[in-house]
Amino acid sequence: MSDMLSISREEILDGRWERILNFFRSRSLWMLYYCTGCGAIELPPSMTSRFDLERFGIGPMATPRQSDILLITGYISLKTLKRVVRTYEQMPEPKWVVGFGSCPINGGIYWDSYATVNHLEKYIPVDVSIAGCMPRPQAVIDGLQKLMRLIQRGEAVGYKKYQLNNQWYKTNQREVLERTEPVLAPASSARAEKRARRAEAAGALVGEPAGGAS
Amino acid sequence: MSIAELADRVARENPGCRVSERYGNQLELKSPVRQWVTTLSQLKTAGFEHLSNLACVDWIDQDELELLANLWSHARRVHVTVKTRVPREAPAVPTVHALWPQAGVYEREIHEFFGVDFPGNPELEPMFLHNWKDLPPLRKDFDTREYSRRAYGFLEEEQE
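Residue numbers (this note's numbering), protein chains in the order written: chain U, 1 to 214; chain P, 1 to 160.
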């Protein structure tokens, strides 16, 4: 047994062992899906007999501590972002994030909502984004196969980015989660401005006929 | 009892309220805010025992917030909407959570999203929003697009 698993120092240094590990990693992926939005509805058809994700070695997992992929299936609200970050940090490395649908990419149809975070990649690194609203199971399989290719080539390095740029990610997270100042102008001044505008408009209405007559 | 008779009776029992009929089995009551609790408790004893929901509408042009309570009578099969209006500046409506316990949750939500105060309601802490510092977000003068742009940002080419 020890003979089978022994590897030399040279093999580790030139990355051959890493390549072997990546080959096996890409063929046994456990995914945790954080079903924040409607995207979850496309996963049962992807996993069941017609499209059958299991044939690529991808299966569902119950807890973050045992899974490899975090699927964000839908929009991220501010409250969910907190949980997503916690879930992501609980996962052991190597770990990958798949943004599912258009909402994690740019907010999707909720892009101008006060509660929806627009760009997920500002808060946690996203390895593969699957565009679509919603992506069909073919697109899901295409995206996950792309992730498998990236893992095998050693190019899916989101978790390393999270380590290296941790400060940047943490700053972004804190900026939205631990806000101390109002984002827009204070209420009183906005209201006063509005009232001034309305008074001005009313004045213009009253003044107009007189101006027209003269 | 026909709907017209019921409307008469409700109007008689709630002086100060304007009663009007809508669509067959619906009544509408416009109540001044100081009669809000007495009107609702009077309707509850009159058989409208089910509070379907409590909602709020921001009439920004009239500078008023409107509170609506939808009541339903299982026995009469009649729906009553009770409305009251408060100024947008420092709005306050007395709580009705003693009449219907579920009203407390609706009031908590209206407090969070419209900034209406409900004196007497013991729990008005935020329920949905995370660490909110701005105007209540469902007020009409809250610019949600500008908020989203400043708080979360979007790419330049996505701007309209």
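Be careful, since some hints might not be right.
To give a feel for the contact side, a few chain U residues facing chain P, derived at Cβ under 10 angstroms [what the hints assert, rightly or not]:
1) 107
2) 116
3) 146
4) 149
5) 173
6) 175
7) 183
8) 184
Keep in mind that the hints were calculated from the coordinates and are not lab data. Just so you know, even glycine gets a beta-carbon here, dropped at the ideal spot from N, CA and C.
Status of the hints after comparison with the structure:
Checking residue 107 (chain U) against chain P by beta carbon gives a least distance of about 7 angstroms; that is within 10 angstroms, so the hint holds. Taking 10 angstroms as the C-beta contact cut-off toward chain P, the hint placing residue 116 (chain U) at the interface holds, the least distance being around 7 angstroms. The restraint placing residue 146 (chain U) at the interface with chain P is violated, with a minimum CB-CB distance near 22 angstroms, outside the 10 angstroms limit. Given the 10 angstroms rule on beta carbons, the hint for residue 149 (chain U) is violated: about 27 angstroms separates it from the nearest Cβ of chain P.
Restraint check, residue 173 (chain U) versus chain P: the minimum CB separation of about 12 angstroms is more than 10 angstroms; hint violated. Checking residue 175 (chain U) against chain P by beta carbon gives a least distance of about 9 angstroms; that is within 10 angstroms, so the hint holds. Among the interface hints, the one on residue 183 (chain U) holds; its C-beta lies about 5 angstroms from the nearest C-beta in chain P, closer than the 10 angstroms criterion. With a cut of 10 angstroms, the hint placing residue 184 (chain U) at the interface with chain P holds, because the nearest CB-to-CB distance is about 5 angstroms.
The earlier numbered hints that this structure contradicts are 3, 4, 5.
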